[in-house]
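Number of protein chains: 4
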Amino acid sequence: MLDGLRAAARRNSDDKALRALIRACKRLLSERAEANSVAIAAELVQAYAQLPEAQRPKLFDALASDFSPDPQTVLAAATAYAQAPTARHLVKLSQVAEPPRQELLRRINRAPGGTACLIGMRRDLLTLLPSRPELLALEADFLHLLSSWFNPGFLRLEKVDWQSPAQLLEQLIQHEAVHAIDGWDDLRRRLQPDRRCYAFFHPQLPGEPLIFVEVALLPDMPAAIAPLIDKKSTPQERNSFKVAVFYSISNCQPGLRGVSLGNFLIKHVATALQRELPKLKRFCTLSPIPGLMDWLLKKPDFEALPGLKKPQLARLQAAHALLLHSCGQDLAGLQQQSADRPLEDPVQQALLSLCAAFMIHQTHSPGGDPVARFHLDNGARLERLNPAGNLARKGLRQSAGLMVNYLYDLAEVENRHERFTLGEVVHARAVAALL
Amino acid sequence: MLDGLRAAARRNSDDKALRALIRACKRLLSERAEANSVAIAAELVQAYAQLPEAQRPKLFDALASDFSPDPQTVLAAATAYAQAPTARHLVKLSQVAEPPRQELLRRINRAPGGTACLIGMRRDLLTLLPSRPELLALEADFLHLLSSWFNPGFLRLEKVDWQSPAQLLEQLIQHEAVHAIDGWDDLRRRLQPDRRCYAFFHPQLPGEPLIFVEVALLPDMPAAIAPLIDKKSTPQERNSFKVAVFYSISNCQPGLRGVSLGNFLIKHVATALQRELPKLKRFCTLSPIPGLMDWLLKKPDFEALPGLKKPQLARLQAAHALLLHSCGQDLAGLQQQSADRPLEDPVQQALLSLCAAFMIHQTHSPGGDPVARFHLDNGARLERLNPAGNLARKGLRQSAGLMVNYLYDLAEVENRHERFTLGEVVHARAVAALL
Amino acid sequence: MLDGLRAAARRNSDDKALRALIRACKRLLSERAEANSVAIAAELVQAYAQLPEAQRPKLFDALASDFSPDPQTVLAAATAYAQAPTARHLVKLSQVAEPPRQELLRRINRAPGGTACLIGMRRDLLTLLPSRPELLALEADFLHLLSSWFNPGFLRLEKVDWQSPAQLLEQLIQHEAVHAIDGWDDLRRRLQPDRRCYAFFHPQLPGEPLIFVEVALLPDMPAAIAPLIDKKSTPQERNSFKVAVFYSISNCQPGLRGVSLGNFLIKHVATALQRELPKLKRFCTLSPIPGLMDWLLKKPDFEALPGLKKPQLARLQAAHALLLHSCGQDLAGLQQQSADRPLEDPVQQALLSLCAAFMIHQTHSPGGDPVARFHLDNGARLERLNPAGNLARKGLRQSAGLMVNYLYDLAEVENRHERFTLGEVVHARAVAALL
Amino acid sequence: MLDGLRAAARRNSDDKALRALIRACKRLLSERAEANSVAIAAELVQAYAQLPEAQRPKLFDALASDFSPDPQTVLAAATAYAQAPTARHLVKLSQVAEPPRQELLRRINRAPGGTACLIGMRRDLLTLLPSRPELLALEADFLHLLSSWFNPGFLRLEKVDWQSPAQLLEQLIQHEAVHAIDGWDDLRRRLQPDRRCYAFFHPQLPGEPLIFVEVALLPDMPAAIAPLIDKKSTPQERNSFKVAVFYSISNCQPGLRGVSLGNFLIKHVATALQRELPKLKRFCTLSPIPGLMDWLLKKPDFEALPGLKKPQLARLQAAHALLLHSCGQDLAGLQQQSADRPLEDPVQQALLSLCAAFMIHQTHSPGGDPVARFHLDNGARLERLNPAGNLARKGLRQSAGLMVNYLYDLAEVENRHERFTLGEVVHARAVAALL
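Residue numbers (our numbering), protein chains in the order written: chain R, 68 to 502; chain Y, 68 to 502; chain S, 68 to 502; chain C, 68 to 502.
I should point out that these hints are in silico values taken from the structure, not numbers from a laboratory. Among the hints, erroneous ones may be present.
A pair holds if it fits inside one copy or across any two, identical chains being indistinguishable in the list.
[Unchecked claim] Straight-line Cα separation of at most 27 Å, DSS-like style, residue types lysine-lysine; simulated pairs: (1) Lys159 <-> Lys125; (2) Lys93 <-> Lys159; (3) Lys309 <-> Lys125; (4) Lys299 <-> Lys226; (5) Lys346 <-> Lys376; (6) Lys309 <-> Lys159; (7) Lys159 <-> Lys83; (8) Lys93 <-> Lys376; (9) Lys461 <-> Lys377; (10) Lys346 <-> Lys226; (11) Lys348 <-> Lys376; (12) Lys376 <-> Lys309; (13) Lys376 <-> Lys365; (14) Lys377 <-> Lys366; (15) Lys125 <-> Lys226; (16) Lys365 <-> Lys377; (17) Lys93 <-> Lys83; (18) Lys226 <-> Lys93.
In this text, all values refer to a predicted model and were calculated from it rather than measured experimentally.
So here's chain R without its partners, still in its complex pose:
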C-alpha cells in the first residue's frame, strides 16, 4: 500500500512538472517573454530533459491542440485574401495560418542546446506517431523547421579520418547501419587513404555527425563487398584510384528522419573527391537489395508488373520455376549459399533475371526496394547486378547474396531524377538484358 501511495505521489509530481512545462511554453510565446526569451527557453530545454517518458505524449497532445491556428481567424483571412489578393491580405493570412507552435519551436531554438532538444523531441514524437495520427500536424511543423535549419547551405562537410577525435569515431562504430564496424582496428582500416569517410555536421551540434558515408577508392567498379571491408587488406596506391564507391551511408540522428541529407551528402562528396583526385572516372555505389527476398518469398504476381512484355513474362515464370525446383520448392534455400557452396550457374542466372525484373518493374510500386528508390530518385542509374556480392548472413537473408551498383554521373542526375519521377527506372542495357 505504501508503494501505491508513493506511486501516486510521483504521478502527482509528474503531472505538476508537465503542467509547468506547458505553462512555460505559453509564457515563452507571450509578449512579456520577449525581453527574457533565451533564459525561459533554456529552462524549457532543461525541463524537457527531466520530463518522465510517460508524460511526453501528454505534452505532445497539448502542443498539438493548444498551439494550432484558430480556424475562424484563418477562414476570415483566407476569405479576405480570396476576395482581394493584396500584399496586406497575404501578410495577414501568413501570420494567422502558421501554427503558433512554429514560433514556439523557433524560440526554444534560441537556448543553448535548443537545437539538440528539438531533435530529441522529434525523435520521441516519431516513435508515437504511428499510433497517434492526431499528432501529424505537430510532426509536420517539426519537420518543416528542421528542414529549414538543416539546410545543406548550413551544413559543413568534413572528412573523418584517423586524426579525428576518438569521441567522434566512436559514433561511427555505433551508428554504422549497413556493414557493421567490428571495433577500432576495423575502423582504422576504413579510414586509410584508399578508404574515406565524410560526414555532415551542423554548427549547433559540434562533434556530432548527422550522417556519414563511407567510400572506397578502387581501380574498378566492385562486384563484391567483402574485399572492400576486409580489415586486413593492404591500402592501395593513390595512382590506382579510378572509381569512387559509396559502399555505406548511415544516419546518426533519428530525430532528423525525413530531412534530406543523404542525397546532398553523396553529391558534395563526389564533388570534393573530383576536385582532390581529378583522375577519378566514375562514382558509383555498391548497395544491398534489402527488398528482394521478401518479394520473392511472397510469390510475386508477375502478370501484375507494369510494362513487362509477354516473352519476358514467360522467361520470368520459367526462372521462378527453376529456382523453386532447385531449392526443393522453398526459396529460403537460396539464403543458404556460401563461397564454398555457390549456386549453380543456371540458378544464379534465374535469380539475376528475377532481380532485374524486381528492380526495373517493381521499384515504383509498393514492395519495391527502398534503397533503389533512394538512389534512383537521387538521379543515379541502375548499373549492374552482382551475383554473390555479399555472402554474409544479412546479404543472404536480404537478397540471396546479390548486390547492385548504382552509377552517379553528376551531369546526368537532374535528367535521370526527372525520368524517375515520371515513372521510369533508368538502367544500363546490361541489366535489361538479364530479362
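Start from chain R and add chains Y, S and C according to the hints.
Okay, now just chains Y, S and C, sitting in the frame of chain R:
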C-alpha cells in the same frame, strides 16, 4: 543614334537576363530540380549578383506576383479546416497557405554564398519598399526566414580585440554608427583591456560581424562620453572595474534590418562579462537622445502629453519659456554650447526637466526617442540624465549635449519589459524628480 | 653461388650508399654548402632513412672518428687561454674544442623532418653503445644537442582526452609501460574527468607525444592500484577531488633517453592541476618498487647497509628469517599471494620492514630502486608503503605486491632534492617506524 | 643633499638587486637547483626585466668573468686528449671547455618567457659590445645558442595578409626598414593578392615575426620601386604573374642579429611560391645600393680595384670626370635629380659604369655594398642595374637613384655561393658590358 542602338541592345540583353533568372527560380522550385538543386541555386546566386540594378524591381515584382499562394486553394483548405480542424486538414492548410517563394528562398540558401545573396536581396528590396507597398508580403517572407536563420541560438558571440584580423577590424571602423572611430589608433584604444568589443557572427558569414557593441569597464557609471572614447586615455586596471557601460551598438548588415539582434547581444555580453569579472556590479549604457532637439524645436504641446500632472505641466511650460528666453527665442542656440561656454545653471536645469518629460511621457507616442524605445522595450530602466554629456557636434545637434544612462538588471528585464509593453516608462526616482 | 654474387652486389651497393652519405655529411659542413644547406640536409635525412641497418655502425664510426676536434689545435688554443684567459682566446678555444659534428647535427636539424631523423639516429646509436664504448663521445654530442632542443621551455604541455585524435591515443596504448592499457575501452576510462592524461609535445614533432603521465583524482591517497585502473569503475564527482595521484609515467621516444622530461612533466602537471582545481590538497604517486624482490632474492647483506643502527639490524635479520621460514626457505613464494590468499599478517609486517630498509638505506647504492631514485632526486618524499598494493603478476614479481606513495610538495622539492643529493632519503616518520 | 641621499639609497638598492641576480644565476647552475630549475629561471627572467639599465653592464661583466671555463682544467683535458684522443678524453674535454654560462643560458630558457628574455639580454649586450671587447666571448655564447634554437628547422614560415591579427600587422609597419609603410592603407595594398608578405615565427614567440620579406608578383622584372609600392595601384590578375620580386626584407628582433634568417627566408618563400604558382618563371630582387654614393663621394681609388683591366680603368676615370663636370665638381649634385629633372643621358651612363665597377670589383673589399654582399653570398647573381629606380630621398642619397636586381635561381645558388666565397661576383653579361 548609335548610342541609342547600343542602349536598346543592352536593355534587350538585360531583359533576357531577367527572364532567365525568373525561369531559374521556377525551375529551382520544380520537382525536376530536386536532384540538382544546389547547382541550380548556385547559378541563381551568381545571376543575381550580375543582374543590373535597374532590373531588380522587376525581379521583385515577379517574386511578389508569381510565387504567392493561390487564393482559391487557400480558401478551400481554410474552409475544410474550419469545418473540421483535424491534423490532416491543418497539414494541408499549412502547405497551401505558405507562399511558395519561402521554399524558393530556402532552396537558394542551399547554395554556397546563398545566405549572403538573400541578405543582399533583402537589402535591395528594403530600399524599394517605401515606394512599393505591393512588395510588402515578399518582404515579410524574407524577414520571416532570416529571423528563423539568424536565431540567437545559431549566432556566435565573439570578443573582438587587437588580435582580430585586420579584415574584421576594418569593418568596425566602417560601420560604427554612434561615435565614429577615427582611424586605427582610435580603434586600438577601444580594444584595450578596459574597453571591449563584442560581435555576433553567423557560421555562414565567417569574418563578417552582424552587429557589434562597444563596452567600457569603469569604476562608476559615467556621465560624459568624451573620456570613454579619448584615444589618448590610459587603460585602467582590472581591479577598478565595477560598471560595464555599453556606449555604442552598431549594425553591419542593412539586409538584416528588423531581425532581433541588439537585444540578444546586450544580454549575452552582460552574461559573458559577469562570468569573466564577477566583481562587476552594474550594467548600463551611456546613450544619445537623438529625438530630443527635434521635439523641442517643434514646440511640443505639453498639454497633450499623457499622464502629466498639473503642477508638472506648469513647471514644464516655465522651463520652456526660460529656455526660449535664454536663447533669444531660438532654441537652436542650445546647440551652440561648449566646454568653454556651458549653459548657465538654471537653463541646464530647465533643459533637464524638459528632457525628463520627453523621455517619460513621449516615448510611447510618435516622435518619441527611438533609442529610449529600444532599451526600455529591451527591459532596461531609465536611470540618469547627464547634462553636457556629449559636446561633440552630433551630441549638441541631437540633444543639446544631454546623454542618458539606461540600467540593465538581468533579474528585472522580463518584468520591466512587460511594464513597458503595458505603457509604462520604468525610471529611477531621480529622473522623475527633475519634473 | 648466384646467391653469393647477389649478396656481394648488394654489399657493394650498400657500401656505395654509406660512402655517399658520409660525403654528404662532409659537404653539408663545407663552406660551399652554406647557401644550400637545407636542401642538402633534406637529402641526408632521406639517405639515412634508406641506409641498411647493417651500415649504421660504420656511419657512426665515421661520425665518431672524422668529425672530432683536432687534438693539436685544441691543445694550442687551451695553452693560449691558460697563458692569457682573454675573451678572444676563449672564443677561439670554444670554436676549436666543440666537435665539428655538433654543427653537422645542427645543420641536419634544418631539414624538414630533421629533428625526427636525429632522434632516430640516436635511438639506433644507443642500441650499439653498450658494445662500442668508442662511440661515447658521439653519443654525448647527440645528448647535448637534444637536451638543448627538448628544453622544457620549448615543450608544450597538453591534456590528452577522449577528444584527442585516435592517431595520438593509439600511441598511448602502445607506449604505456607501467600498467598496460587493455584496448580502447580501458583507455576511454582512463580519460574520464576523474582520470587525466598529460603529455609533452615538441613543435617539430606534432601529434607525437614525447612522454605522458596518467593521473587519478581521488578523495584520499590510494593504497592499491586496481581500483584506479578498473575500467568498469564509475567516474567520481569533481567535488570529491582532494588528491592528485600520478600512477603511471611512460616515455614514447627511445631516442630521447636521458633527456630530462619526466621531472619537468610532473611539476608542470601539478601546477596546471593546482590552477584548475584549487581544492586539491596533495600531489603524490602510487608507484611500483621494481627492485625489491631482486634485492631480497639476492640475500641482501644487511650489515653493509649504511646508516643502520644495531637494533634495526637485528630486527631486519629476524624479519628476513621469518620470511624465509614462511616460504619454505624460498622467497619466490612471496610472489604467489593473491587477494584470496593474502600473506599472513606477521609475514606482511616483516616484508614491509625489509622494504623500508631497502628504500631508505639502499637507494643511494647500486641495486637501489630506480623508481625511488627518480622521484627522490626529483624532490619527492617517501611517504607510505602499501601492502598488497598490486597483486597483478608484474606487481607480485617485482615487489611481492608492495607499492609506494611518493609525495610531491612543490614548496619543498628544491630542499628535498638537495638533501637527496647529499645522501639522504627524505621519508615520512611512519616509514621509518617500520624498521 | 636630500637628493644625493636618495640617489645613494637607490644606487644601494640597485646594487643589491644586481648582486641578488648574480647569486640567482649561480644558484640556477647549482646541483641543488635541479629539482626546481624552472621556478628559479622564472624568477631570474623577472629580475632581469626589472634590473635598472645602468646595472646591466655589471651583470654582463659578471657573466663574462665568473662563468667562463677554468683555464687550467681545460689545459689538462686538452693535454690528455692530445696524448690519447679517446672518446672518454673527448667527452671530458667537451665538458670542461664549454663555458658554464652556456648551461646557464639553457636553463634560463626553461622558464616561460625565457627565450624572449635571452633575446632581450643579447640586444642589450650588443649595444655595449663596441666599447667592451672583453664581452666578446659572452656574446659568442649567446649567438651560439640562439643560432641553435632559431634553426630554420624550428621556424615556421607564415604568410601574412589582411586576415592576420592587427597586433602582428602593426609590427610590420614598425619594423619595415627598406621602404617605410605609410600607415594602414599602404599596408593593406602591400597585402593584396599580387603583393605578398611572408615571415618567420618561432614557436616560443607566437605573434612576433622574426623577419619578414615583401614580394611583388609581376609580369616582368621591375626597374623602379615606385610602382611596386604605390598604394593606389590596381591589383593585377593572377594569370599575369611571371616574376616574383623580393623588394624588401626587414628584421624585427635586434637581439637576433647575426643569426642566419634572411637567406633561409628567401629560399623558403621562393619554394612556397613556386609550389603555389607553377607559372612563375623568375625570382629576383629589386634592391637598394646603400654604399654607392658613400664610395663615390670618398673619391674611389680606381687603380686599387682588383681585377680591373687597363681600358676599363681609363673608361672609369673618364666617367668619373664627366660626373664631376656635370655637377660642378660636387657629386652630391647627383642626389638632386627627380622625375622632372632627370640626369642627362651621358651622365646616367657614366654613373652606371661606375656603379658596375663598384658592384663587381669592390664588393669583396671594405667599403663594398652590404646588400650586394648579402645576396651574392646567398647564391644570387647580379642581374641588372636600373637608372632612376628610386627617386625618393633615401634612394637619391644612397645611390643617386640607382637600384639593382639580383637573380635567384634555386638550382644555381650552391654553385654561385661557392664562386662568391672564392672571390668572384657572379654577374650577368649586361652588367659587365657597362664597364
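Of the numbered hints stated previously, which ones are contradicted by the structure, given in increasing order?
-> Of the numbered hints, 3, 5, 6, 7, 8, 9, 11, 12, 15 and 18 do not hold.
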